[in-house]
Amino acid sequence: DAKTTQPNSMESNEEEPVHLPCNHSTISGTDYIHWYRQLPSQGPEYVIHGLTSNVNNRMASLAIAEDRKSSTLILHRATLRDAAVYYCILSLLSSQGGSEKLVFGKGTKLTVNP
Amino acid sequence: GAVVSQHPSRVICKSGTSVKIECRSLDFQATTMFWYRQFPKKSLMLMATSNEGSKATYEQGVEKDKFLINHASLTLSTLTVTSAHPEDSSFYICSAKGRTNYYEQYFGPGTRLTVT
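Chains A and B are the protein sequences, given in the same order.
Heads up: the first sequence is residues 1 to 114, going by my numbering.
Heads up: the second sequence is residues 1001 to 1116, going by my numbering.
None of these hints come from the bench; they were simulated from the model.
Accuracy of the hints is not assured; some may be wrong.
What the hints assert, rightly or not - Listed below are the simulated EDC-like cross-link pairs for lysine to aspartate or glutamate, each with C-alpha atoms no more than 20 Å apart in a straight line:
hint : chain 1 : residue 1 : chain 2 : residue 2
1    : A       : K109      : A       : E15
2    : B       : K1041     : A       : E45
3    : B       : K1055     : A       : E100
Stated by the list, open to error - Calculated from the model, a selection of chain A residues having no Cβ within reach of chain B, i.e. all distances over 12 Å:
hint : residue
4    : M10
5    : E11
6    : P17
7    : S28
8    : G29
9    : N56
10   : A60
11   : K69
12   : R77
13   : T111
14   : P114
Note that the coordinates shown come from a computational prediction; the quantities given were computed from them, not determined experimentally.
We treat Cβ as the ideally placed atom computed from N, Cα and C, and that holds for glycine.
Next comes chain A alone, as it looks inside the complex:
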């Protein structure tokens, strides 16, 4: 299984940008890069995903390195509500084919200071 490496924790100040890094040096050509986040005692929430090009949505931006061996999730202005564990995940096809499953690593715990 392709694996990702993320820092255990990061801190940011409110209203400042946050760059959350992720290394995935063994990524294959067909793996998508997904980011989910999980607030305490809640289920994870989709943030963004991409394949090769940088992606933007209302929540965040995803910057993907040219060799695809790393990516960065960018929160443009952190708020207290962005405090969560952020997971960088490479999509996998199940051994049965068809359905895509997500394998969660340890993620990065983001603390946002007021």
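Following the hints, position chain B against chain A.
For chain B alone, coordinates are given in the frame of chain A:
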């Protein structure tokens, strides 16, 4: 975004009893549902994948006779923990995928199971 609900949100049961957890997609048809468990301060661990109308595919090390999964319709999947024991106490989370937005999974709020 799409909404996934779980019921119950919390359950306490005695050792040896069985517990059923429901996962529903409220505003879309879920062709695939996933079940995860999460221990305190740990990451999510995928237990099984289920496609509507077919048998669930269990991850290695997950006992299919202990964790019964039924995905009888496009909006409902159930996880039954049979003969629960204290070590089964955990946070159980389901997720669902539909025909559109294929690469996005929508997660439920989770069910906290405590076995006494």
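Any of the earlier hints contradicted here, and which numbers?
Of the numbered hints, all hold.
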